[in-house]
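J.: For reference, the chains in residue letters:
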Amino acid sequence: MIKVITINNVTKHYPGNKRAVNNLNLSIPDGEIFGFLGPNGAGKSTTIKMITGILPIDEGSIIINGNDIVKEPLATKKKFGYVPDRPDVFLRLRGIEYLNFIGDIYDVPKEIREEKIERLTKEFGIYHDLNDHIHTYSHGMRQKIVVSGVLLHDPDVWILDEPLSGLDPKSSYTLKQMMREHAARGKTVFFSTHVLEVVEQLCDEVAIINNGKLEFHGNMDEMRDQFKSGETLEHIFLELTSNE
Amino acid sequence: MNKTWNLIKVTLKMQYSSVGKSNSEKYGVYILLIFLIPFAFIIFSVANTIIQEMYQVLSPSGNESLILGVTFLSLSFILFLVSIGSILSSFYFSEDIESFIPYPFQPYQLMVAKAATPFIHLYITTAIFFLPILLFYGAISHAFFLYYLYGLLLFLLIPVIPFILSALIVMFFMRFANISKNKDRTKVFAGLLSLLFIIGINVAIRLNQDPGQLAEMLTGALQQQNGLLETLTKFIPTAFVGTMALADHDTVKGLLYLLGMIVLSGLGILLFLTMGQTLYFKGVLGLNEGNKSTKNKSISRTKVVSHHVWITYVLKELKIIFRTPTFLLQCVIQSLFAPVFLVVILLLENSASLGELLANFEGKYVILILFLVTLFILGVNPTSTSAISKDGTDWYLNLYYPISMKQIITSKIIAAWMINLLSILLILLASLFLINIPTTILIMWLLLALEVNWFTSLVGTYLDFLKPKLKWTDEQEVFKSRMISLKVLMFEVGIFGTIVLLLWNIPIIQGLWVTTILLFLLLAIAIFTIHYLLNKKIAEKHYQQI
Ligand SMILES: Nc1ncnc2c1ncn2[C@@H]1O[C@H](COP(=O)(O)OP(=O)(O)O)[C@@H](O)[C@H]1O
Ligand SMILES: [Mg+2]
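If you're matching them up, the sequences are chains A and B in order.
Following our numbering, the numbering of the first sequence begins with 1 at its first residue and continues without gaps.
Following our numbering, the numbering of the second sequence begins with 1 at its first residue and continues without gaps.
Because the hints were derived from the structure by calculation, they are not lab data.
A hint or two may mislead.
[What the hints assert, rightly or not] Lysine-lysine pairs mimicking DSBU-like chemistry, simulated, CA-CA at most 35 angstroms apart:
| id | chain 1 | residue 1 | chain 2 | residue 2 |
| --- | --- | --- | --- | --- |
| 1 | A | Lys78 | B | Lys303 |
| 2 | A | Lys187 | B | Lys303 |
| 3 | B | Lys406 | A | Lys78 |
[To be verified] If you want the footprint, here are the derived chain A segments under chain B, 3+ residues with CB under 8 angstroms:
| id | segment |
| --- | --- |
| 4 | 93 to 103 |
| 5 | 195 to 207 |
For each residue, glycine too, the CB sits at the ideal point set by N, CA and C.
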């Protein structure tokens with residue numbers, strides 16, 4: 001199977017000499033929804049920030065769709081869209097201005113923009129808020145405007161950091177639906193979470209990370225198989241992440 | 001009481017904590033303080049002269065205590081004005097009140113804690129204005145220990161009433177006036193007012209600079225309107241009571257006045273805590289930022305616009321500067337202050353003669369002076385020195401967008417350059433209509449100014465890029481207690497000041513053309529060098545480390 005993201009022997013120290021990510025190897029297949037599971041402080045955000053080029057990589061390399069994020073940053077960055085865990089972006093811009101800004105930097109043609117902005121924001125119920133400044137938006141609305149921005153340029157890989165926290169059930173459902181649609185069109189969705197149910201509902205494949213180390217990687221059935229059958233996912237998760 | 005004290009400590013720590021400030025910043029503050037020492041001496045000697053002259057005129061008629069009266073009165077007025085700004089920022093603009101509300105604090109405890117920062121400002125102000133006068137007056141009237149003791153107690157009490165007066169007025173306005181509905185607009189409004197105030201004071205000072213003359217004028221006015229002053233002091237009771245306490249410190253009457261002062265201040269504090277609670281908490285909660293448009297307004301198709309990436313990024317920068325009140329004040333309005341001030345001075349002076357004077361000067365010297373003035377005016381603009389810092393937590397967005405870092409930084413330089421164009425335009429208009437500078441010189445200057453503008457914008461952005469302050473919660477922190485503006489100015493004026501000095505004194509270099517071209521080339525070399533350094537930093541991926 002074609003791998004769309006390959007993480008090779010990646011290690012990351014923060015100042016203070018803590019290994020936030022420790023010799024991580026992971027490859028994410030094309031056209032699937034991939035869950036990156038781990039407790040708080042496991043190193044999920046750190047890994048995602050290295051994939052997206054926000055943090056420098058201490059050791060190892062990361063390839064997205066054939067491009068190295070360090071060596072060819074611009075070509076690589078055009079291929080993914082990223083929804084950060086903290087969606088407070090450009091609070092002084094209006095919603096519509098933010099989407100136009102994204103459209104400009106990702107070269108989205110005007111006609112496509114018109115159609116998509118209307119459709120996406122109506123689905124999320126923020127269409128009528130587009131003329132307001134983003135700092136008047138609630139947490140959920142901010143997340144929705146960022147997600148709309150990503151789907152506007154329709155990237156090959158969609159990377160989300162804890163996307164469902166702070167969303168109400170309806171918005172959460174809409175977002176999951178959008179993730180499924182994205183994967184159904186042959187594109188890849190990579191997201192992190194500390195919530196098990198989300199992984200169970202959504203994912204084709206899952207990786208579990210704890211203390212910066214990869215503890216498990218496989219599909220959902222393998223995950224259940226590898227551990228004593230009959231045990232709930234919750235038990236497995238607790239077992240994997242309990243040491244230390 | 002213990003809780004209140006803790007709360008005060010927390011609020012003060014959030015304001016003045018030295019955590020996150022580098023050593024060089026701390027040393028910078030010390031250096032600045034050392035520079036201020038001679039300035040303080042000037043103020044002292046001026047105050048001393050004024051007091052001595054007034055004392056000589058007033059003491060024969062036994063009216064010397066009027067000096068104290070004037071002091072208390074004007075001090076109360078100054079403290080009142082200082083309070084307004086300080087109260088607005090501590091009680092209304094700082095974002096932390098909402099985070100304190102959920103905790104089980106008594107409302108009066110929050111009020112006391114919020115008052116701590118303004119009171120520090122007030123005591124500093126009082127120390128600067130009151131203590132020297134207290135000392136000089138004491139020395140000249142041969143006062144004894146009791147006088148200084150009373151003076152010290154009064155020092156502690158004076159700020160109370162002006163603070164409470166302005167607090168109640170501000171809170172009343174914020175509670176009932178419409179401005180409180182929009183925090184952003186209030187911020188800009190308050191900033192503009194304080195700017196006008198500064199300009200006014202400057203003009204007033206320019207109009208009468210000679211301390212001896214000033215003292216004469218004051219005593220003259222006092223002698224003529226003896227009754228008026230007393231009425232005025234009685235209007236602000238503490239000014240009157242304070243004057244009497246200090247003037248009669250050696251009698252029982254003085255002691256009674258001092259006790260009166262203490263009682264008045266105590267009553268004031270009670271009034272503040274009771275009335276303030278209703279006014280303040282009703283006014284501050286629900287103070288929302290910005291306007292939310294009414295719903296059901298559909299976006300028109302024309303709102304979907306597309307621009308080239310360069311344009312869209314520069315536009316984004318400008319929009320954020322113009323829409324964030326603090327940025328608008330610091331980067332645009334305050335940077336226009338210097339040119340506006342220049343215009344005011346030109347209007348006050350006989351500016352036509354200045355034009356003649358310039359015409360008689362040789363072109364070389366005129367352009368050198370204009371060059372330095374321009375460098376200074378453009379160099380102090382903080383748009384570039386906050387280019388990266390302004391982004392705050394938004395900075396990391398730049399790291400995953402598919403735009404090259406070079407383009408991002410260049411866009412920020414362009415934005416700073418464009419904002420400085422406003423200053424250049426103002427100077428240009430002033431020179432055209434007020435000074436009559438010869439056209440050739442004006443054109444040369446304009447070309448140079450555009451290049452100087454790029455130089456200052458570049459240097460500021462580069463230095464901010466090396467060490468930006470991204471972890472702020474209030475926009476003020478981007479500008480407050482950062483030494484970068486001073487560093488940039490010292491760097492720019494240091495280098496080009498020396499160059500101007502050299503050019504000025506080298507006799508071979510003659511004439512307007514040669515000088516302009518030389519300056520142009522030297523600037524170009526400087527710009528090229530700094531671009532080179534900047535590109536090197538970008539290639540090292542410095543941007544991921546900040
Ligand atoms: N900027 C930082 N500086 C120092 N340590 C950090 C920083 N960010 C994260 N860490 C540490 O790295 C580890 C991994 O954090 P993170 O990747 O944010 O975890 P999560 O899986 O919850 O997203 C944590 O122990 C955290 O304390
Ligand atoms: Mg995280």
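J.: Any hints this thing doesn't respect? Which numbers, in order?
T.: Hint 5 is the one this structure does not satisfy, whereas the remaining hints hold.
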